[in-house]
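Peer 1: The residues making up each chain are set out below.
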Amino acid sequence: MNTLFIGYGNPDRQDDGVAWHVLSGIAKNLGLDVSSSWEEPLPSAPKADFRFELQLTPEMAGDLTAYDRVCFVDAHTGKIPENVQMVDVTPEYQTSPFTHHLTPEMLLSMCSSLYNKAPEAILISVRGYEFGFETKLSPFTASLVSEAVERARGWFESIEANHRFLKMSLVV
Amino acid sequence: MTQKITIEPVTRIEGHAKVTIHMKDDGSVEHAYLHINEFRGFEKFCEGRPYFEMPFITPRICGICPVSHHLAAAKAADDLQGSPAPRPANLLRELMHMGQVIQSHGMHFFELSGPDLLLGFDADPAVRNVIGVAHTAPEIALKAVGLRRFGQEIIRTLGGRRIHPNFAVAGGVNKALQASERDAILAGVDSALEAAQLGISIMKDWAGRNAEDINKFAVLKSGYMSIVNADDSLNLYDGDIRLVDREGKQLEKFAGQHYLDYIAEHVENWSYLKFPYYKKMGFPEGVYRVGPLGRMNAVDRVSTPVAGEEHKRFKTLNNGHPVEQTLYFHYARMIEVVYCIERVRELLDDPDILSTDILNTRKDYKGEGIGILEAPRGTLIHHYKADETGKLTSVNLIVATGHNNWAMSEAVDSVAKTYIIGGEVREGMLNRVEAAVRAHDPCLSCSTHAVGQMPIQIEVISPEGEVVQTISRD
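Order-wise, the sequence lines are chains H and G. Reminder that position 91 of the first sequence reads as 92 in this note's numbering, one-by-one numbering, no gaps. Reminder that position 404 of the second sequence reads as 890 in this note's numbering, one-by-one numbering, no gaps.
In short, the hints are calculated from the structure, not lab data. Quantities reported herein were computed from a predicted structural model and do not represent experimental measurements. Mixed in with the good hints, there may be bad ones.
[Stated by the list, open to error] Lysine-lysine pairs mimicking DSSO-like chemistry, simulated, CA-CA at most 27 angstroms apart:
{"no.": "1", "chain 1": "H", "residue 1": "K118", "chain 2": "G", "residue 2": "K877"}
{"no.": "2", "chain 1": "G", "residue 1": "K877", "chain 2": "H", "residue 2": "K137"}
{"no.": "3", "chain 1": "H", "residue 1": "K137", "chain 2": "G", "residue 2": "K629"}
[Said to hold, decoys possible] If you want a taste of the chain H side facing chain G, the calculated C-beta under 10 angstroms gives, among others:
{"no.": "4", "residue": "G26"}
{"no.": "5", "residue": "L103"}
{"no.": "6", "residue": "S110"}
Cβ atoms here follow ideal geometry from the backbone N, Cα and C, with glycine treated the same way.
Excised from the complex, chain G in its bound form (with noise of 0.2 angstroms):
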């Protein structure tokens, strides 16, 4: 008797998603599916209201990656009203992101995925989490705990708190750095960039003794897409985007206002997240990966000199061909982690950034614009249609977790038809399907907290509706 296995939520990744395999009479496993269950609706929802106010209305899509939000909106507010912000306001919006990414990548290191990386998939659920790492390695979640500061601290001080800024408008931002400030953000740069190299280190090690799990686990053949410089290198505020084949060959590289041109959207009945890929290819042929795998796949090289050195190592990982391995993507987080210490270092080192020339307020109105931007999940695009009073008419925002659907989905059908033999499924199993979403690090939408909701629930289904066995955590 054929059976379906769901795994609903997906534990540690925010918004709300369920896992379902469908088992063969033999069981063996015929397809595992993620299926994204919210519809956001935050489109229509802002639809009607003035475009200036987006970099302070989409933030509130999510409290773990707002900044991102507000910088891509503060974007395509710039180019909707036709005021490019100068290069002092574009630095610190720059600092600001790096802020963001440090500190959300080392979140997600140290207190998502560290628990399986320290403890192990194996180990008992009750300890596999960011307690468990405490209690395990104190000193290494206080070093974790110190680079999300650090990151926050960055948000805070430009944007005056560390959830929902108020730092970026159309044509530049609100509020200039001191001295003081950037000074007091410096004194931090070395304990970061420690915290970062641990990190580094803790996945080299532990891909060191899972080599078997790493190249067993969700490999697969895609494109990748990154924003990038001119030369190719790692760029996350602002550049052209490049789309990279399999073997890592340039497929196309577009400035981010043309992305219609090049991107589609693909739809399936049993997921309210579209597919996107690429459009000359097709899909699924079309299909690629963002994020940190698919930016250090996407890109030649690293600027920064740590950061650098520890790309080229990582592209050596598959002899200079794309790596495919799912679980590469902690590695990939972590050496973005230290690019961004190091770029905070230049930002500020820059004597630009100390400038008050900060907003452009002459006005060449288009009524249409894009802003696109490295999120620290993968590629985020606004793009916004106003009419002639700035009411916005239309918004469209392709989210980086969006990117990522059919490579997490794909991760999902691959670790449990690895793991899935003879119709048994353990928790470690269980986690290694969940590790295998969690690694793309989605963010689904943003969350509600309230006590007392969602505890973790796994049904088998037989065909014919019944509930064979129900397993939860609660």
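In isolation and in its complexed conformation, chain H is listed as follows (with noise of 0.2 angstroms):
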């Protein structure tokens, strides 16, 4: 099975950029060597790919269709009650506010209706706080990024032990 991990955000508007910090943190905590500037690539581990992107955009939808399922991570606002969130994400014929932001579920809706396929996929977002002109996330969000981590490592694992169970059952 093999998993995308794609965060998105702004790391020079503060909280925005929290996603980077979250995909370190899973990258690091899955034994990665991983670089302190968000602009150098990240790297791979097996079965998982991570990727960082200032938004999401119509042509990563091909790229998408290459993996069985995605993580989704970004910063959130407003009414959404969790400070870290985790939600599954499905294919969704979205009003979009903003065409130069994609959803994941119109990203993933792009899947669909243009090459006829779409990982399954999850969202895992982190209350942001402060949005101004600095690389640096505010005191509450950086304490929220390793919640946010053990979380989507959790998920990560769980799905590859479903995974190693269903093989040694069809071999069975």
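Using the hints, build the complex out of the two chains.
Peer 2: Structure below.
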């Protein structure tokens, strides 16, 4: 099973770039050597690739279809009650207030429309508090990164375990 | 009772904007305004930094057109430190610029305006978006995705990444092009050209069916401005600035270094964005338009074969006079995409493109530099002053969207007056107001994109401050 962790946001706008910190944390957690700069590519682990972008764009739809599962990582604000949210994402035909900002649901919908397949997906998002011209996360958002990393890692391990179990069942 | 209608934020443009429509007692529109609400403050933010960092700082202004800022900053830094870039470096910079214009214009045409053109202004807003296009015309959407990818790959090949490239430096560029990279880009030229020509045919087909909208919709008299070659043909990367009047006659042609002698900025208290104008004519008589429509009107010809022929057809739309209809921005935009793709081929066929003479290390430090190019949305000006240690003491950025500020606001006013009659405000009309702004493809600022922000909200407010109607799109 191939999994893509794809985070997006603007690290020059404080908490908007929290996804890079989460991706970096997951990669380190898997024993990978990660650059301190978000502008350097993230390394790959067996069965897991990492990608950080400033925003989701339509041409990514083709890239996503190469994966069985995708974990989107973003910042969130507003009415979402949890500080760290993890939800399933399915292709959805949504209204877009800003088309330059595709949502994961819309990107998956493009996968389905254009390539007739879409990976299973979740979205992990972390509450952001400050969005000024700074590269450092606000203290509270920074404190949420480890929880997001743990939940992503737990999700990844559980799907890998399920896959191994299914594979063994088929062999038996 | 008069009322004020507020549309905030304008959909499908970058950054934050608000439209207010002030109504008269009889239900007709008194005046409509486009307010730019975001104060960027980037100039102040840059003061005190070393000038040679600017090619890497200024792309942070935006994630959509960072390459334009990257290259304009490098040109200003060349000028400031007195190190003109060698010819091969300028060819490579122009190649990257072509990639930027292709991806930006391609994205705008197919994904931002495309829903209006392919699905119609009055289509359900739930489907009138890029996903609606993908569902309705997947083959077109695939070609559009491929076109954008072609532009992005040029940027990535040269700059190492698709956004915020590390490439142009004061005096040149830091990476030569390899033969294998040249060949890989060349391999994509034909299919990119096919996609761009499809865009032109979509526009023409739409124009044929919507002549009434085009001719009612924000038809404005203004001047037009573009960078040109010595023979007044289109050049997006370098050359003198040509300003023509509303009849297409040349008013001025000047080196970008003298822009302050010709351009001034007017301030209104209802917008953070200033209103540039031609100094000698004053405001508002001296307002002009930039970007694709401005360029196609300001140049006498386009040098590449396919785009050149299309430009000749464009010039016939108003019998050789400037094309005033705002909706023809879309046609002009796709002519430019064709030009850029053809120009990519010309640049890659140039024997100097693989040269390693890419950096001028000699300096004749001046302490002041100006870099100008034609960004996708229009003429972009970077003007820096630095002290003897190279620290910036003054930064002035006139961004393309600013030049079109008057035109965007007038376009909104024109559309509102045309389509709101008897006080009735419908979704299709609202989208036409927004489309008037979108036609200019404004890029108002870099943006943050956290989940859960910015629903669309429209408020109708009475003079007493009472909200009489609220319409929102999440």
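Peer 1: Run every hint past the structure and note whether it holds.
Peer 2: Cross-check of the supplied hints:
no., hint, in the structure
1, H:K118 with G:K877, "53 angstroms, violated"
2, G:K877 with H:K137, "24 angstroms, holds"
3, H:K137 with G:K629, "39 angstroms, violated"
4, G26, "19 angstroms, violated"
5, L103, "8 angstroms, holds"
6, S110, "5 angstroms, holds"
Checked against the numbered hints above, the structure violates hints 1, 3 and 4; every other hint is satisfied.
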